[in-house]
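There are 2 protein chains.
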Amino acid sequence: MLQNRRLLDVLNGQSVDRPPVWLMRQAGRYLPEYNATRAKAGSFMALCKNAELATEVVLQPLERFPLDAAILFSDILTVPDAMGLGLDFQQGEGPVFARPLQDEVAVKALAVPDMSSLRYVFDAVSTMRKALAGRVPLIGFSGSPFTLACYMVQGRSEEGFPQLRQMMYRRPDLLEHIISVNTEAVVQYLTEQVKAGAQALMLFDTWGGLLSAHDYQRWSLEPMRQIIARLPKEHEGERIPVILFTKGGGTWLKSMAASGVQGIGLDWTVDVSWAREQVGESLCLQGNLDPQLLFGSHQAIDEAVDRLAKAVRGTQHIINLGHGIQPGTPIEAVAHFVKQIQEKTMGSVAKVNERTKVRSRSAAVL
Amino acid sequence: MLQNRRLLDVLNGQSVDRPPVWLMRQAGRYLPEYNATRAKAGSFMALCKNAELATEVVLQPLERFPLDAAILFSDILTVPDAMGLGLDFQQGEGPVFARPLQDEVAVKALAVPDMSSLRYVFDAVSTMRKALAGRVPLIGFSGSPFTLACYMVQGRSEEGFPQLRQMMYRRPDLLEHIISVNTEAVVQYLTEQVKAGAQALMLFDTWGGLLSAHDYQRWSLEPMRQIIARLPKEHEGERIPVILFTKGGGTWLKSMAASGVQGIGLDWTVDVSWAREQVGESLCLQGNLDPQLLFGSHQAIDEAVDRLAKAVRGTQHIINLGHGIQPGTPIEAVAHFVKQIQEKTMGSVAKVNERTKVRSRSAAVL
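Residue numbers (my numbering), protein chains in the order written: chain U, 453 to 818; chain Z, 453 to 818.
Mixed in with the good hints, there may be bad ones.
[What the hints assert, rightly or not] Below, a list of computed lysine-lysine pairs in the DSSO-like style, where the Cα atoms sit at most 30 Å apart:
id, chain 1, residue 1, chain 2, residue 2
1, U, 706, Z, 706
2, Z, 762, U, 706
3, U, 762, Z, 706
Source of the hints: derived by calculation from the structure; they are not laboratory data. Here the structure is a predicted model, which means the values were calculated and not measured.
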């Protein structure tokens, strides 16, 4: 039995007492207890593959802050790793693939992995779900087909992913194959997460914002739309809402809103009120403070909190950062931020419901 | 006497036979003759400081392609260099400042440089203008106060410029001082470029797109608005139009359009028709093909050209890339692109003027 339903309710258009709050990468390197557990595991991937330890880090931020959701601890690159590309996290380098897709033979050999090779992820989901014991809902996630393709072709994170973009303009047939394999894999991957206990899903389209508007539609949004259409709509009597986050996708919000999702993540560059005008009132937004703000003074945090609280008043909104929380972020600032935003937004959505009622009544009178 | 007036005319709302075309970094490393001249100069900064050689590279792309504008060959960091920060271009590293603004003492000592220390830039402008001999107009430029501050505080290009953003949230008083010095310096710098012969101006706000919507207004757009208001409106009987380019600023186009500029540059992620809806019909847009497209097949280039030609039909538009042309770009692809887009847009703006006339007539009848 879920005790804190704020996240699911707001995504499903239900009334809540205040917007739910969680933070991208809330289980992460800014927490000393996370670093200790990671050291115990030996490496980042070993931590992802150890359901007990991964569950430990999922619970850590909930012990410190009154957050309204937990998120699967894993990495978006588990899927291409299961395809045989050989994922490694090198010190100070980020993710690197031993066998990136750099020729036609490699691309054509790519296939949807057997989901049994990702069993460790689904085991982690069910272990986390059990350990949460209904305290808050558990969000599952995947990288978008396009974002996965960026790493799979380039082999590592590189500014602008030029090899990916050049493949797109030179050999769209090859990219088409990669995206189509990724799309099928992500459908299966997220479906298995739901079966294992994920109660909401998030699609991280970290690099869709590199594309032209035209190419975004074709190479990133359309595959995500197909995924959303094919995911289980509910599980064990609960709807499974989906949040889509394209970093740098602010100018495309209208088309994202038409993709079938229940929520759209905003990066910190997007004005929340402007975004709301773009998407209308029928879906939930999520975000979007600058993660660097948490390195700032309490005055700077309080001013940003006031602006965000005002902007989300009376709307379906999930409070979050506009990108992952940074290593080195002062824990005290996170606590201050969470406390302030929860106080400042208390009652803000209930009020809206009253406003909606008043509006409906006026409409009835007319 | 200016023989090719397309750029100035379209920025001033006048009729043109087709949209003008130029390319950001058109004088650059993709041209072997540029690399030869740079080798002769010894280094990038030596090339910037040698008016004869800098003029040589400005003319090079005009010999190859029928472009409609030339742009000053220089760097946006000349201004902080003149402030005493010690600019150096290290091999494979990009720009590095020997004395970045990393403490209060350094920030408070910052002052507007004497423009005589930038004499080499103004000499380059007048040499280029003379050498162009009215063939096409010469665009002058500067970095925006915020973008200059990013490098001045961080000391070099670094993803997300965290030191700058942390200063903004911790010590806004220090950033305020830097921005105010930069604003005054940029006004003087661009004014001197106009006096030396620049016929249009461009403000490169390369990093404004890192900011939240609220901070963009305060730290980047407002200083640019002040600069635009203070620049000479005309020189020797010609209006001096200004183009503002905030990379990653797609969601803020409406407020940019209210800043007093004649043109707005679009990066490649923004849909041109969408941008036109945002800003209305009264100003000029510039852009915005993905520079990586020029590594693509002719088919990919032709499809993008067709879409762009269709999107700009009947509007004030300057054809360009959405970011600087990349080293290694095939010269043959540049030639193909310029030829195709000029053919496909021929007559497109004249048609608009006819439409406008028809509309005015209908209005008169009413």
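Hint check, failures only: none
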